[in-house]
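**Student:** So the protein sequences, as listed, match chains A and B. Read in order, the letters of the first sequence correspond to residues 1 to 154 in my numbering. Read in order, the letters of the second sequence correspond to residues 1 to 81 in my numbering.
Worth flagging that the hints you see were computed from the coordinates, not collected in a lab. Where is the CB? At the ideal position from N, CA and C, for every residue including glycine. Some hints here could point you the wrong way.
Derived EDC-like pairs: lysine to aspartate or glutamate, alpha-carbon spacing no greater than 20 Å straight-line [said to hold, decoys possible]:
{"no.": "1", "chain 1": "A", "residue 1": "K119", "chain 2": "B", "residue 2": "E27"}
{"no.": "2", "chain 1": "A", "residue 1": "K127", "chain 2": "B", "residue 2": "E15"}
{"no.": "3", "chain 1": "A", "residue 1": "K119", "chain 2": "A", "residue 2": "E64"}
{"no.": "4", "chain 1": "A", "residue 1": "K127", "chain 2": "A", "residue 2": "D105"}
{"no.": "5", "chain 1": "B", "residue 1": "K3", "chain 2": "B", "residue 2": "D33"}
{"no.": "6", "chain 1": "A", "residue 1": "K119", "chain 2": "A", "residue 2": "E35"}
For each label pair, taking beta carbons as the anchor points, the in silico distance ranges come out as [to be verified]:
{"no.": "7", "chain 1": "A", "residue 1": "E89", "chain 2": "B", "residue 2": "R45", "range": "23 to 33 Å"}
{"no.": "8", "chain 1": "B", "residue 1": "E27", "chain 2": "A", "residue 2": "R65", "range": "48 to 58 Å"}
{"no.": "9", "chain 1": "B", "residue 1": "D68", "chain 2": "A", "residue 2": "R26", "range": "22 to 32 Å"}
{"no.": "10", "chain 1": "A", "residue 1": "N41", "chain 2": "B", "residue 2": "R45", "range": "23 to 33 Å"}
{"no.": "11", "chain 1": "A", "residue 1": "H103", "chain 2": "B", "residue 2": "P65", "range": "25 to 35 Å"}
{"no.": "12", "chain 1": "A", "residue 1": "I90", "chain 2": "B", "residue 2": "D68", "range": "41 to 51 Å"}
{"no.": "13", "chain 1": "B", "residue 1": "E27", "chain 2": "A", "residue 2": "A27", "range": "56 to 66 Å"}
{"no.": "14", "chain 1": "B", "residue 1": "A40", "chain 2": "A", "residue 2": "G29", "range": "53 to 63 Å"}
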Amino acid sequence: MAMLNRMSVADQAINPEEMRATLVDRAAGAYASFEGWIRDNNDGHQVQRLEYEVYAPLAISEGERIIEGAIQKYSLLHARCVHRIGLLEIGECAVWVGVTSGHRDEAFRACRYIIDEVKHRLPIWKKEFYVNGDSGWVNCERCATHARGDFASV
Amino acid sequence: MSKTLTIRYFAIFREHAGLSEETVSLEVETAGDVFELLHARHGAREAQGQCKVAINDQLADWQSPVRDGDTVLLFPPVAGG
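The task is simple: from the sequences and hints, build the whole structure.
**Tutor:** Okay, here's the thing in structure tokens:
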């Protein structure tokens, strides 16, 4: 049933072209997507790699709620999201969101809505491994206000 | 009266606790009570307001009651994307 895998987690590389193909629809006038990539720096630290921990049962059920909400709110034709789990190297795609709709405005807004909600609501954590050998869980060991500011500005 | 609960820890909470799961007997009423007791026991520093909790695989709020036999999942601040 398609509804059950609109939100998924993957332990292998995400293939955006494959994901895009699942959204094709003759009624769609717009397709928008977002890819979150692993960058080589964060908060002044040189990042070497990153590890995502995901509590999949709830990440999937809550992700489905987010996508269903977006479909209703923006009258989308289709929407999907996939999030990586495990160790990722610089440049890899960590999260992909794609939506289709009749017109571009809904597609852009829905795509933004889904990635913002995914960042706030899903039980997903990332641990950064730095070039200098240190490591740290993002939003935990630094400071609480930093985490709030980060969320608010995304 | 104390309740027997299974507690699951994730990410930095697992590192603070030194384990991913434990069964505990606690005198608590709510998920928030569980957080406060275990947070102190394991020396965690993250504020409750930035953390999340699930009871038996359902997201809950800190006022949610816990019952004998429940599994409580303690989630540190999330950072997806």
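**Student:** Evaluate each hint against the coordinates.
**Tutor:** Now for the hints, and whether the structure bears them out:
| no. | hint | in the structure |
| --- | --- | --- |
| 1 | A/K119 <-> B/E27 | violated (34 Å) |
| 2 | A/K127 <-> B/E15 | holds (12 Å) |
| 3 | A/K119 <-> A/E64 | holds (14 Å) |
| 4 | A/K127 <-> A/D105 | violated (35 Å) |
| 5 | B/K3 <-> B/D33 | holds (12 Å) |
| 6 | A/K119 <-> A/E35 | holds (13 Å) |
| 7 | A/E89 <-> B/R45: 23 to 33 Å | holds (30 Å) |
| 8 | B/E27 <-> A/R65: 48 to 58 Å | violated (34 Å) |
| 9 | B/D68 <-> A/R26: 22 to 32 Å | violated (55 Å) |
| 10 | A/N41 <-> B/R45: 23 to 33 Å | holds (25 Å) |
| 11 | A/H103 <-> B/P65: 25 to 35 Å | violated (46 Å) |
| 12 | A/I90 <-> B/D68: 41 to 51 Å | holds (48 Å) |
| 13 | B/E27 <-> A/A27: 56 to 66 Å | holds (58 Å) |
| 14 | B/A40 <-> A/G29: 53 to 63 Å | holds (56 Å) |
Comparing the model with each numbered hint stated earlier shows that hints 1, 4, 8, 9 and 11 do not hold.
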